[in-house]
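S.K.: Sequences and hints are given; from them, build the entire structure.
With our numbering applied, the first sequence corresponds to residues 26 to 318, in that order.
If you're looking for bench data, these hints aren't it; they were derived computationally from the structure.
In this text, a Cβ means the ideal position worked out from N, Cα and C, and glycines have one as well.
All the given hints hold, so there is nothing to weed out.
The following label-pair restraints were derived from C-beta to C-beta distances:
hint : residue 1 : residue 2 : range
1    : V49       : T184      : 34 to 42 Å
2    : N209      : E52       : 30 to 38 Å
3    : K110      : V53       : 21 to 29 Å
4    : N191      : N149      : 45 to 53 Å
5    : K63       : G290      : 41 to 49 Å
6    : K47       : N261      : 32 to 40 Å
7    : T201      : K302      : 14 to 22 Å
8    : E79       : E249      : 22 to 30 Å
9    : L54       : N149      : 12 to 20 Å
10   : V53       : K197      : 41 to 49 Å
11   : K41       : N261      : 14 to 22 Å
Here are the computed lysine to any residue pairs in the SDA-like style, where the Cα-Cα straight-line distance is at most 20 Å:
hint : residue 1 : residue 2
12   : K164      : F178
13   : K302      : S202
14   : K257      : K276
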Amino acid sequence: MPELPEVETIKQDLRKKIINKKIVEIEVLNKKTIHGNKQAFLRILKGNKIKSIERVGKLIIFELKDGNNFLFVHLKMTGQLVYKKGKKVVAGGHSEEWGKKPQIINELASFDKYARVIITFEDNAKLYFNDMRVFGYMKTGDKTARVEIIKGFGVEPFTKGFTLNNFANIFKNRKTSLKAILLNQKLIAGIGNIYADEICFRAGVRPDKKASNLSKQDLNKLYEAIKYIFKKAIENRGTTFNNYVDSDGNKGGFTKYLKVYGRGGEACKKCKKILKKIRLVGRGTVFCSYCQR
DNA sequence: CCTTGTGTTCTCCG
DNA sequence: CCGGAGAACACAAG
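M.R.: As structure tokens, this is what we get:
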């Protein structure tokens, strides 16, 4: 489940790999992956170049060199963007792979059968959009579309707008649970089910606590926890629980730091009591009823 | 049955 | 009856 740290990792890596490379071919292996007009999608991308890459919440936005269009990519639950270097044509006509690590080839082999779109660049490098469950999408749009899409996202952690005051205001006059607010992309961009639980644990607050019942101290702890957890997760290149891999096909390193996600019924790492697992906002939710109040 | 991100649809409340 | 909030559902495959 790629959330902010995973998507941020992919963005940073792809910036080093595909900027200013001409797109020479696009293979759409599953047309459901392309949202909007497929012909327009192909026409806009073919022959174009990627000028820059940004991330908004869990969405990756590729700015195209033509000066007006953008490629939007959402990985949803099982999407991957995996980059493979091109083949170097050597004397005699045969080719050899550049710089592939054998253990990565094996790791990726199981996901390549879920390739939905393959973009080929002028140097024969390929960007695979793999997506087992076909929830993710790719679509193109212009500047207006980009502005409209970004409008739909709430405050982005690590931006100037993410102040304690702004954060606390989100909770005012809301009747829903803390976790519902953390997961709502229109309010705060980038938090998914894994990090929501980790943030609540670090802050020492129950995820099912009602927004109106959160104290000033709760809000301060949650605010700091978001920044801390996301910073740590990005430094460790994200979390792999089921099938997240970065653009090299490697797993994230934050998985070993998870304190609650996926640990229902196990001992709390802080107090050793058994972690509770409940269903909240339709999502599996793990917390410690002793450490979180 | 379970897993989850998000768009859509339904329901409730004032 | 309207608007908004929040809850519930739909989707997909293993």
